[in-house]
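Novice: Here are the chains, one letter per residue:
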Amino acid sequence: MKNNNKSSKTTKKQDINKDNILLSIQNASYRYSDAEENEYALRDVNYNFEKGKIYAIRGRSGTGKTTLLSLISGLERCTEGSIIFDGKDLKNINLDTYRNSQIGIVFQSYNLLPYMTASENIILSMDASGAKIKNKKQKAIELMQSVGLKESYADRKVLRLSGGEQQRVAIARSLSYNPKMIVADEPTGNLDKQTESEILDIFKKLAHEEGKCVIIVTHSQNVCDIVDEIYDLKKTK
Amino acid sequence: MFILKNAWISITRNKGRNILIGAIILVIACACTITLAINNTASDLINSYSSVYDKELTLSFNRQNMMKDFDIRGEEGREQAKEKFENIATYTIDDIKSFAEVENIKSYYYTYSLSLNGNNIDKAEIETNTPPGGFGGDRGSKGHMNSSMDFTLTGYSSVDSMSEFINGTYTMSEITDNAWEVVFNGNYVFINEELATYNELSLNDKIKLEDEDENTYEFEIIGIFKDNDTEESSMMSMFSNSANTLVTNADALVKIDEENDSIKGSINPTFIIDDYANAETIQKSFYEKGLDETYVVETNQQQAEAGVSSVKNVKSFATTFLIITLLIGGIVLFILNMINIRERKYEIGVFRTIGISKLKLTMQFVSELLLVALVALIIGAGVGATISKPVSNTLLKSEIENSSESREQMQNNFGGPGGNPGEDRGKMPDFNKASGIPSIQAYDSIDAVVDITVISELLVIGLSLVLVSSIASMISIQRFSPLTILKERS
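As they're listed, the protein sequences go chains F and S. Residue 58 in the numbering used here is what sits at position 29 of the first sequence, and the numbering runs on without skipping anything. Residue 187 in the numbering used here is what sits at position 181 of the second sequence, and the numbering runs on without skipping anything.
Pulled out of the complex, with its shape left as it was, chain S reads as follows:
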C-alpha cells in the first residue's frame, strides 16, 4: 500500500515531468485507438465481404512446369515437346474424389465439358467472310476438346457448381416445373435463348447431337436461359458466348465420354477449402495423391478480396502507423525514464538505505508510470474514439481517390476511355474485366468503431509499453549501490 502512496506523492510533486510523460502516452494512446479501431473495423469489413465468397481452389495447367524438364530446341526437342503435350496426364472423377479427402477441404464440385455436333439443330452463327483462322470458332471449347464441334456441353455435378447461375451471368427465362428435380438425373439440358430462337426450340423439345463417329445422343430441353454477360463473343458475331452452350449434368456427359473413345471431355473441379493459407499444403497433398505436377492449384482469393482493396490498403496503413507510433513512443518513454531515474538517484539511495527492497522500489517506479499511463490512456481512448470515425473515412476516401486517379492515368496511357466512337481499336482494354476482378469498391466508408476489443487491445499495448519503458528504471535500481549514491550526494 505504501508503494502506491509513495508513487502518488512522487507523481504530485513532479507535475511537470509527469504531465510530459502523460502527454506522450496520450498521443500514443490516441494514435493507437484510431489505428486499432481502423484495423479492427477494416478486418470485420474484409471478413464480411470475403465471407460472401466460398474459399475456392481450382486446378490449372501450368505450361512452365511441363516444359521445365526438356529443351525444345531442334527438331528432336520439338518432337519431344509435341509428344509430351499430347500425353499430358489428366485426372479423373475418381482422382477428384480422392483429392477431396485431403484435410482442409470442406467440399467439392466439378463441371464436365465436351463438344458435340448438332444432328437436328444448327449452331447459332451467321455466315461471314471471315478470313481463314480469323475470329470465328467456338469460344466455349476447353482443354483437349475438338474446337471444330458445334456445341459445348457443360455438365455440372451439383447446384453448387452452377456458378454462372449463382453469380447471375445466366438467368432462367423459361423452365419446366420439374426442371431442378430432373436436371441431374438424365439427358436434360438448359439451352441459351438465342439458340432456342435460332432453331425455333421450346421447352420439352428433344434435340439430337452427334459425335465424330455419328453416334447420336438425345436431350430434352427443360429450361431456356439468358446470358447477361454484355461482353461480345467476337467482333464479327451477334451472338453471346454461350449461344451454343448446353447445360446439363456431369453424369450424363461422363457416360457419353466413357462409351466413346473418340470423345475427350475435360473435368474442372472446384474444391471449397477452409483457409487460403492452406492452398500450398493442399497442392502438396494432391501431388502425393497422384496429381501430375504440370497442374498447380489456384484460389479465388484475389477476386474475393478485390472489392475491399482500398479498405485493405487503409488497414495496412493503419497497421504500419501503429507499429511506427509504438516504436517511437517506446523509445521516447524509455529515454524519459532513463533521465527520470538519473534525476532521482538520490531518492533511490535514501529509499534503499532505509531498507526498501529493490523489488518494492521497482514496483513503486512502475506504479508511478502506470498511474500516469492509465489516466493518459483513458483520455487518449476518449479522444481517439471521437476522431477515429472521421479519420478512417478520410483515409478511405483518399485511398479511393488515389485508386481512381491511377485508373484514369492508365486509361490516358491507352488513349483515353472509349477512344473514337465506333472504332474498336481505340477502345481501352478493361483490365479489371480481363482479370475477373471488380473495379468498384464494396465500401466507401469505414466508420471505425472503438469497442471493448479496441479498449482491451489498447490497455494491453499501453501496459506493455509502460513495462518495456520501465526496464530502464528496473535495471538502474538493481545496479545502484545506496552507499555510492549517498557518497556522491555528500
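Extracted from the complex, chain F is given alone in its bound form:
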C-alpha cells in the first residue's frame, strides 16, 4: 500500500550541548529504490544525539522508526541529507567498519546465531571488529556478567536461553568492542515487565555510567519513562 505520509518530525525541543554531540542527523530522507518519486519512508529528519544520554524514538507503525534506526546503524544510507557520526559523514566511511567498531545494534528478535553458544556469539562480534583482545572467552564472560548473566551460560547454545537471557547476550555482543553508541530496536518488545525493567537498567547504566549514547526505538511507555530525550516520529501529509 502506498504511504502518503512522507515526512517525519520531532515533537520535543532539545537542549543541546554541541560539543557533546556524537551523532547528528541533518535533513535526512530515505526513499526505497522501487518507490515513486515523492514517496519517502522518511523525510527531512533533523536530530542530534549526545554522549552519555539515552534517547527514545517513538511513533506509530509506518512512521519510519526502523528505517531511521537502519540509517543510524549504517545498514542503509540516506538518499538525501547526511548523518554525521563523531564529525564524519557516514557517506564517506566504510559502513562495515562503522557497524563492527563504532556502534552496537540490539534487535527485538535478538538476531543471535542459534548454532553458536552465548560466548561464541559474543566472540564472533569481537572477531568481526578486529579488536585485539587477549582472552576473548574471558572477556565474553565478563560482558555477560555485566548484563546479569551467569558464567555458566557462556557455553550454552543460545536457543536454550530464555528471551530475556538472549536479549542480554545480544546486548553483551553489542558491547563486545566497546562502541560509542548503542542502537536498540524494540529491545524489550518480547519481554515481560520484570525483565524489561532489568534490561532498561542496563541501558541506563551504559549511558549514564559509561558515557555511551543509547538510542532506543520503541512503542513502550516504560521505555519512554526512563530516557533522557524522546523523539516522536509522525506521519505528515
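Fair warning: there could be bad hints in the mix.
Claimed, not checked - Taking lysine-lysine and the DSS-like style, the derived pairs with C-alpha atoms no more than 27 angstroms apart in a straight line are: (1) F:K117 x S:K364; (2) F:K234 x F:K264; (3) S:K364 x F:K161; (4) F:K161 x S:K366; (5) F:K47 x F:K80; (6) F:K163 x S:K11; (7) S:K366 x F:K168; (8) S:K103 x F:K186; (9) F:K165 x S:K103; (10) S:K21 x F:K161; (11) S:K295 x S:K103; (12) F:K165 x S:K270; (13) F:K179 x S:K11; (14) F:K165 x F:K234; (15) F:K209 x S:K366; (16) F:K166 x F:K186; (17) S:K364 x F:K120; (18) S:K129 x S:K270; (19) S:K366 x F:K166; (20) S:K366 x F:K120; (21) F:K166 x S:K129; (22) S:K129 x F:K165; (23) F:K120 x F:K166; (24) F:K234 x F:K222; (25) S:K366 x F:K186; (26) F:K209 x S:K112; (27) S:K21 x F:K166; (28) F:K186 x S:K270; (29) S:K366 x F:K117.
As the list claims (entries may be wrong) - Beta-carbon label-pair distances, calculated as ranges: (30) S:I334 x F:E239: 57 to 63 angstroms; (31) F:N56 x S:K351: 32 to 38 angstroms; (32) S:R348 x F:D63: 18 to 24 angstroms; (33) F:R189 x S:R485: 31 to 37 angstroms; (34) F:D63 x S:Y352: 20 to 26 angstroms; (35) S:M7 x F:E239: 27 to 33 angstroms; (36) F:N121 x S:S487: 16 to 22 angstroms; (37) S:K11 x F:R189: 20 to 26 angstroms; (38) S:M7 x F:I255: 26 to 32 angstroms; (39) F:N219 x S:S487: 32 to 38 angstroms; (40) F:N56 x S:I334: 55 to 61 angstroms.
These are calculated hints, taken from the structure and not from any lab test. We put the CB at the ideal spot given by N, CA and C, even for glycine.
Guided by the hints, dock chain S onto chain F, whose structure is given.
Specialist: For chain S alone, kept in the frame of chain F given last:
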C-alpha cells in the same frame, strides 16, 4: 583466521548437508581421477607409439585438382584433358630443396625412379598365356615411366630414405664389405635375390641396362636383398613385386635422366615435419614456392596412429565422460549452493549486521566448500587411484573386442575369412593391408597411473568447480540487504 574458524563451525553444525556435498564432490573426484589417469596414460602411450614414426609429409597427385578447371565433355574437352594430363607440371630436385626450406620442416629425403631395359640380363618373369592387357607388366613403374621397360631403378637420396630396408620389407642376404660406403657414390646396385638367381648373378658382377635409344648403362652389384613382403605380385606370377627392382642412389639416376631426353624419371620426396597440425600451412608454403596445385600434401599420421586406435577411442571416451561429469557435477553443486544460501539467509543477515564485510563473508562460504571439497578430493583421488587401472583395462579390452567384432562382421559380409580354399575369388580383401594400416593393436592394456600430474589436474579441476559453484553464494551475498533479511525473519 576467524573466517576459517567460522567456516569450520558451520561445517560441523551442518553435517548432513556437508556430507551430501562431500559425497557429490567425492564421486566427481573419483570419476575425474580415473578419466584423467586414463587420459594421461593413453596420451603417453599414443605419443610413445607415434614417436617411433617420423612425422612424414609426402606429395601426391590430385586428379580432382587437375580436373576442376575444365569440362571433359565433348571431343574438345577430352583433347584439353589429354593435353593437360600430358603437360602436368612436375617438380625437380631443386624444387624439393627449396620446399625443404619451409618452416616446420626438419629434414627431407627423396627417391628417384626410372625404368630401363636389360642389356646383358633378363627380366625375371615366366612366359604365360596372359590375355592382352591382362595381369602381366611391371608393377613397380610409377608416374610417367614407361611401363613396358624391364626394370625399375629406385635411387635413394640417403639411408633415411630407404624405407623398405628400414621397415624390413627388404633384408640384405648378401652384401659386399664396402657396400654402404659406395652405394651413394656411383653406379652400384642392390638386386633382388630372385633376379640374381634367375640371371645367375652374384656380388661384384656388372650388369648392363639400356634405354629406348639403346644407350647402355653399367652397374656393379654390391648387394642382394630378399623381399619379405608375402603379398603376391600378381595372380599369374611366381616372383615378388620387387624381383625386377634395382636399388641404387638417386644421383646416379638423375645423371642418367639429365643426359637423355627420352628417359622420364619421377621424384618422390618425403619431408620430416615437426607437427602434423602444420601440414596445411606447409602445403600453402609449397604452393607459394611454385608447387603446382595438382599436387597435395599427405602425412603418415593415420598409419602412425593406427596401432593405438583402441587406446585413442578409450582416451576419447574418458575425455567425454570427464566433460559430462564436470558439467553435471558443476550444475548439481551450483544448485546445492543456491539452496544452501537460501537456507542461510538469516545467518548472512546477522553476519552483515555485526559488520562482517561481503568479501569476508564470501570467503567464509567459499572456504566452507573448499574444506569439504579438499577432503572429498583426497578420498576421491585415493579411490580413483585404486580402481583406475582395472577400469582402464576393462574399457580397452571392451574396445578391442568391439573392434574385433566389427572386423569379423566385415569378413562375414564378404563371405567369411578365406572363402573356399584354393579359390581367390572367395578370398576376403585385406582392408588394413590395402590401406597400409596395421590391424593389430599395439597395446592390450593401459594401466592408467595416478601420478602427480593427475593429482595436480584434479586439484585444479576441483578448485575451479568449487569456485564456479560458489558463484551462487557470491552473487547472493552481494545482493542481500541485512535489514531486509532481518525484517523478513522478524
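Novice: Would you mind marking each hint as holding or not holding in the structure?
Specialist: Results for each hint:
1. F:K117 x S:K364: This hinted pair holds, its Cα atoms lying about 23 angstroms apart.
2. F:K234 x F:K264: violated (32 angstroms)
3. S:K364 x F:K161: Holds, because 22 angstroms separates the two Cα atoms, which is no more than 27 angstroms.
4. F:K161 x S:K366: holds (18 angstroms)
5. F:K47 x F:K80: holds (11 angstroms)
6. F:K163 x S:K11: holds (17 angstroms)
7. S:K366 x F:K168: OK: S:K366 and F:K168 at ~24 angstroms, within 27 angstroms.
8. S:K103 x F:K186: violated (86 angstroms)
9. F:K165 x S:K103: This hinted pair is violated, its Cα atoms lying about 82 angstroms apart.
10. S:K21 x F:K161: violated (32 angstroms)
11. S:K295 x S:K103: Holds. S:K295 to S:K103 sits at ~11 angstroms (cutoff 27 angstroms).
12. F:K165 x S:K270: Violated: F:K165 and S:K270 sit about 98 angstroms apart, past 27 angstroms.
13. F:K179 x S:K11: Roughly 26 angstroms between the alpha carbons, so the hint for F:K179 and S:K11 holds.
14. F:K165 x F:K234: holds (23 angstroms)
15. F:K209 x S:K366: holds (24 angstroms)
16. F:K166 x F:K186: holds (15 angstroms)
17. S:K364 x F:K120: holds (18 angstroms)
18. S:K129 x S:K270: It holds: about 20 angstroms lies between the C-alpha atoms, which stays within 27 angstroms.
19. S:K366 x F:K166: Holds, at roughly 22 angstroms.
20. S:K366 x F:K120: holds (21 angstroms)
21. F:K166 x S:K129: Violated: F:K166 and S:K129 sit about 106 angstroms apart, past 27 angstroms.
22. S:K129 x F:K165: violated (105 angstroms)
23. F:K120 x F:K166: Violated, at roughly 34 angstroms.
24. F:K234 x F:K222: This hinted pair holds, its Cα atoms lying about 18 angstroms apart.
25. S:K366 x F:K186: Given that 27 angstroms is the threshold and the Cα spacing comes to 24 angstroms, the pair holds.
26. F:K209 x S:K112: violated (78 angstroms)
27. S:K21 x F:K166: Distance of about 25 angstroms is within 27 angstroms: holds.
28. F:K186 x S:K270: Between F:K186 and S:K270 the Cα gap is close to 100 angstroms, so the pair fails against 27 angstroms, i.e. violated.
29. S:K366 x F:K117: holds (25 angstroms)
30. S:I334 x F:E239: 57 to 63 angstroms: holds (58 angstroms)
31. F:N56 x S:K351: 32 to 38 angstroms: Since the Cβ atoms of F:N56 and S:K351 sit about 34 angstroms apart, the hinted range of 32 to 38 angstroms holds.
32. S:R348 x F:D63: 18 to 24 angstroms: About 21 angstroms separates the Cβ atoms of S:R348 and F:D63, which means 18 to 24 angstroms holds.
33. F:R189 x S:R485: 31 to 37 angstroms: For F:R189 and S:R485 the Cβ distance comes to about 33 angstroms; the hint holds.
34. F:D63 x S:Y352: 20 to 26 angstroms: Between F:D63 and S:Y352, where Cβ atoms are some 23 angstroms apart, the hint holds.
35. S:M7 x F:E239: 27 to 33 angstroms: holds (30 angstroms)
36. F:N121 x S:S487: 16 to 22 angstroms: Because 21 angstroms falls inside the window, the suggested range holds.
37. S:K11 x F:R189: 20 to 26 angstroms: holds (22 angstroms)
38. S:M7 x F:I255: 26 to 32 angstroms: Cβ of S:M7 to Cβ of F:I255: about 41 angstroms, so the range 26 to 32 angstroms is violated.
39. F:N219 x S:S487: 32 to 38 angstroms: At 23 angstroms between Cβs, range violated.
40. F:N56 x S:I334: 55 to 61 angstroms: holds (56 angstroms)
The structure fails hints 2, 8, 9, 10, 12, 21, 22, 23, 26, 28, 38 and 39 (numbered hints given earlier, in ascending order).
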